[in-house]
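Given these sequences and hints, build the entire structure.
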Amino acid sequence: MPRKEKEAAPLYAGKSYTRVIGIDVANSTIKIWTDGDKYLSYRNTIKEINDAGLVYSFKTDYQMYVYDKEVYEVGDVSAMGSGGRGKARYNSEQFKIEAIIGVTSIIDPSKRDRIRLVTGVPSALSKNGAIIEEMKKSLLGEHNIKSVKWDQVDDITFEIVEVIVVPQPLGTLYNFVYDEATKELNQKVLSQRSLVIDIGWGTLDLAVLESSRVRGTFGFEVGVSDYISDLQEEVNNRFPEASIYALNSHQLDIALLKSYIVETPFGNYDLEKLAEKHKELQAKRVYEAVMGLGLEWTKFYRIILTGGGSLQYEKYLRALFNDPRLVIQEDAVSANVKGFYLLGQF
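So the mapping is simple: the working numbering equals the position in the sequence shown, first residue as 1, plus 40.
Watch out, some of these pointers could steer you wrong.
Label-pair ranges, simulated between beta-carbon atoms [claimed, not checked]: (1) GLU173 / TYR79: 25 to 31 Å; (2) LYS78 / LYS355: 29 to 35 Å; (3) LYS167 / SER269: 27 to 33 Å; (4) GLU199 / LYS78: 16 to 22 Å.
Listed next, the in silico EDC-like pairs over lysine to aspartate or glutamate satisfying Cα-Cα at most 16 Å (straight line) [to be verified]: (5) LYS355 / ASP310; (6) LYS109 / ASP194; (7) LYS78 / ASP148; (8) LYS189 / GLU133; (9) LYS189 / GLU113; (10) LYS109 / ASP195; (11) LYS136 / GLU174; (12) LYS223 / GLU316; (13) LYS324 / GLU354; (14) LYS298 / GLU281; (15) LYS177 / GLU199; (16) LYS228 / GLU261; (17) LYS186 / GLU261; (18) LYS223 / ASP77; (19) LYS324 / GLU261; (20) LYS324 / ASP270; (21) LYS109 / GLU133; (22) LYS339 / GLU320; (23) LYS355 / GLU320; (24) LYS317 / GLU273; (25) LYS109 / GLU88; (26) LYS87 / GLU110; (27) LYS324 / ASP266; (28) LYS136 / GLU113; (29) LYS136 / GLU202; (30) LYS78 / GLU316.
Since the hints were derived computationally from the structure, they do not count as laboratory data.
All values reported here derive from a predicted model rather than from experimental measurement.
The C-beta atom is built at its ideal place from N, Cα and C for all residues, glycine as well.
Shown next, in the form of C-alpha cells:
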C-alpha cells in the first residue's frame with residue numbers, strides 16, 4: 041500500500057525522510073520526478089565554467105551551480121555528459137555531480153529536505169553489489185550547493201538519507217502497474233507475465249514480470265547513440281563537405297528530432313533517407329537481441345516498449361514484432377523516472 045502521510049515515513053539509519061525523489065541520470069537526458077507530479081528534464085551535459093577569457097555574455101537565462109567550490113553549467117548541448125556504458129561511469133565524480141545537481145534543480149531552496157532517492161542502472165550492472173554500494177556511498181549524506189541565476193542566488197542544503205538502486209526497466213514496470221485512480225498497484229496486471237524493453241541512449245534493458253515478481257533482467261550495449269554515431273559516420277563518408285562532426289551527438293540528435301534538414305557550419309543537408317535507414321538498422325539490432333534470449337513468447341500478456349528509442353524506432357519495431365500485445369508505454373521518455381518515484385512510495 042502507498043504511504044498516505046509524510047508523518048508515517050519509515051526510518052532509515054535513524055532518520056526519517058521528508059521527500060521521495062526519482063532520478064534517471066541517463067546518458068542523454070537527466071529526468072527527475074518528485075511530490076505533486078513535479079517533473080523536470082534537461083540534456084545531461086555538464087560543463088565546468090572557467091570565465092578567465094570571457095569578454096561579454098549574451099546569456100541572461102543561464103542556470104549555474106557551485107558545488108565543492110567548482111562552478112558548473114548544465115544543459116548546454118555543446119558540452120558532453122559523463123557518457124559511457126561501463127561500470128566506471130556510475131562511480132565517477134562527474135556522475136555524482138550530475139545526480140546532485142539534478143536533485144538540487146527540483147527541490148525548494150527554502151527547505152532542508154531529507155531525501156529518499158530512487159534511481160536505476162542498466163540491467164547488466166544491477167546485480168553488481170560493489171557498484172551499487174559505491175553509488176550509494178557517494179550520494180548519501182549532506183550536500184551544500186549554490187544555485188546561481190541571472191537575478192537570484194540560493195544556498196541549498198539537503199541530506200540524502202537513503203538511496204535505492206534498481207534495474208532501469210523496473211521504473212517503467214512500476215509505472216505500468218500503478219493505478220492512478222486507486223493509488224495502488226494493479227494486482228491483476230502484476231499477476232500477468234509481461235516483458236519490458238527499454239531502449240535508451242546507451243543501452244538496451246529488459247525486465248520480465250511474472251507472478252508479481254521480476255524474474256529476470258537482461259542488458260545489451262545497444263542504444264540510440266549507435267544510431268546517431270552510425271549516421272554521422274555515413275554522412276561524413278558521403279558528404280565530407282558537410283562537416284557533420286561539427287555537431288556532437290547531442291546536437292545532432294536534437295536537430296533530427298526537430299527536422300531531417302540539418303544545418304552545419306557549411307549549409308543545410310537533408311538527412312531523412314539516411315536517418316530512416318539507420319533507424320531501421322538499429323530496430324533490427326534491438327529485435328535480434330531480444331529474440332536471441334529464447335524467451336517463451338506465448339506466455340506474455342503484453343510486451344511493453346519504453347525509452348526514447350522506442351519512439352524513434354516505433355514504426356520499424358511494430359513491423360518486426362508484428363504482435364498485437366506490443367504497446368508503447370505512455371510518456372515513454374519519462375516512464376522510468378516516474379516509476380522510480382512511485383517505487384519509493386511503496
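Hints, one by one, checked against the model:
1. The hinted range of 25 to 31 Å is satisfied by GLU173 and TYR79, whose Cβ atoms lie roughly 29 Å apart.
2. Distance hint for LYS78 and LYS355: a CB-CB separation of about 33 Å, consistent with the stated range 29 to 35 Å.
3. For LYS167 paired with SER269, a C-beta distance near 28 Å keeps the hint of 27 to 33 Å intact.
4. At about 19 Å, the beta-carbon gap between GLU199 and LYS78 stays in the expected band of 16 to 22 Å.
5. For a cut-off of 16 Å, the pair hint linking LYS355 to ASP310 is broken: about 20 Å separates their Cα positions.
6. Under the criterion of a C-alpha separation no larger than 16 Å, the hint pairing LYS109 with ASP194 is consistent with the structure, at around 15 Å.
7. The straight-line distance between the Cα atoms of LYS78 and ASP148 is roughly 12 Å, inside the 16 Å bound, and the hint therefore holds.
8. Under the criterion of a C-alpha separation no larger than 16 Å, the hint pairing LYS189 with GLU133 is inconsistent with the structure, at around 24 Å.
9. Restraint check: the Cα-Cα separation between LYS189 and GLU113 comes to about 11 Å, which is no more than 16 Å; the hinted pair holds.
10. Simply put, LYS109 and ASP195 have alpha-carbon atoms about 13 Å apart, close enough for the 16 Å limit, and the pair holds.
11. Distance restraint check for LYS136 and GLU174: the Cα-Cα separation of roughly 11 Å lies within the 16 Å cut-off, and the hinted pair is therefore satisfied.
12. Restraint check for LYS223 and GLU316: not satisfied, since their Cα atoms lie roughly 40 Å apart, outside the 16 Å limit.
13. A C-alpha spacing of about 11 Å is found between LYS324 and GLU354, which places the hinted pair at or below 16 Å, so the restraint holds.
14. Proposed proximity of LYS298 and GLU281 is contradicted: the alpha carbons are some 22 Å apart, above 16 Å.
15. Under the criterion of a C-alpha separation no larger than 16 Å, the hint pairing LYS177 with GLU199 is consistent with the structure, at around 13 Å.
16. Distance hint between LYS228 and GLU261 is unfulfilled; the C-alpha atoms sit about 33 Å from each other, more than 16 Å.
17. Taking the CA atoms of LYS186 and GLU261, the gap is near 36 Å; set against the 16 Å cutoff, the hint is violated.
18. Distance restraint check for LYS223 and ASP77: the Cα-Cα separation of roughly 13 Å lies within the 16 Å cut-off, and the hinted pair is therefore satisfied.
19. As the CA atoms of LYS324 and GLU261 are separated by approximately 14 Å, the hinted pair is consistent with the 16 Å bound.
20. For the given pair, LYS324 sits about 14 Å from ASP270 by alpha-carbon distance, which is consistent with the 16 Å threshold.
21. The suggested pairing of LYS109 with GLU133 holds, with an alpha-carbon distance near 14 Å, which does not exceed 16 Å.
22. Distance check on the hinted pair: LYS339 and GLU320 sit about 27 Å apart at the alpha-carbon level, beyond 16 Å; violated.
23. As the CA atoms of LYS355 and GLU320 are separated by approximately 9 Å, the hinted pair is consistent with the 16 Å bound.
24. For the hint linking LYS317 to GLU273, the alpha-carbon distance of about 13 Å falls within 16 Å, and the restraint holds.
25. Annotation: proposed proximity of LYS109 to GLU88 holds, straight-line Cα distance about 11 Å (limit 16 Å).
26. For the hint linking LYS87 to GLU110, the alpha-carbon distance of about 10 Å falls within 16 Å, and the restraint holds.
27. With a C-alpha separation of about 13 Å, the suggested pair LYS324 and ASP266 falls inside the 16 Å cut-off, and the hint holds.
28. A threshold of 16 Å between alpha carbons decides the hint, and for LYS136 with GLU113 the separation of about 15 Å falls inside it, so the pair holds.
29. With a CA separation close to 15 Å, the supplied pair LYS136 and GLU202 stays within the 16 Å bound.
30. Among the hinted pairs, LYS78 with GLU316 is inconsistent with the structure: their alpha-carbon atoms are about 35 Å apart, more than 16 Å.
In the structure shown, a violation is registered for the earlier hints numbered 5, 8, 12, 14, 16, 17, 22, 30, in ascending order.
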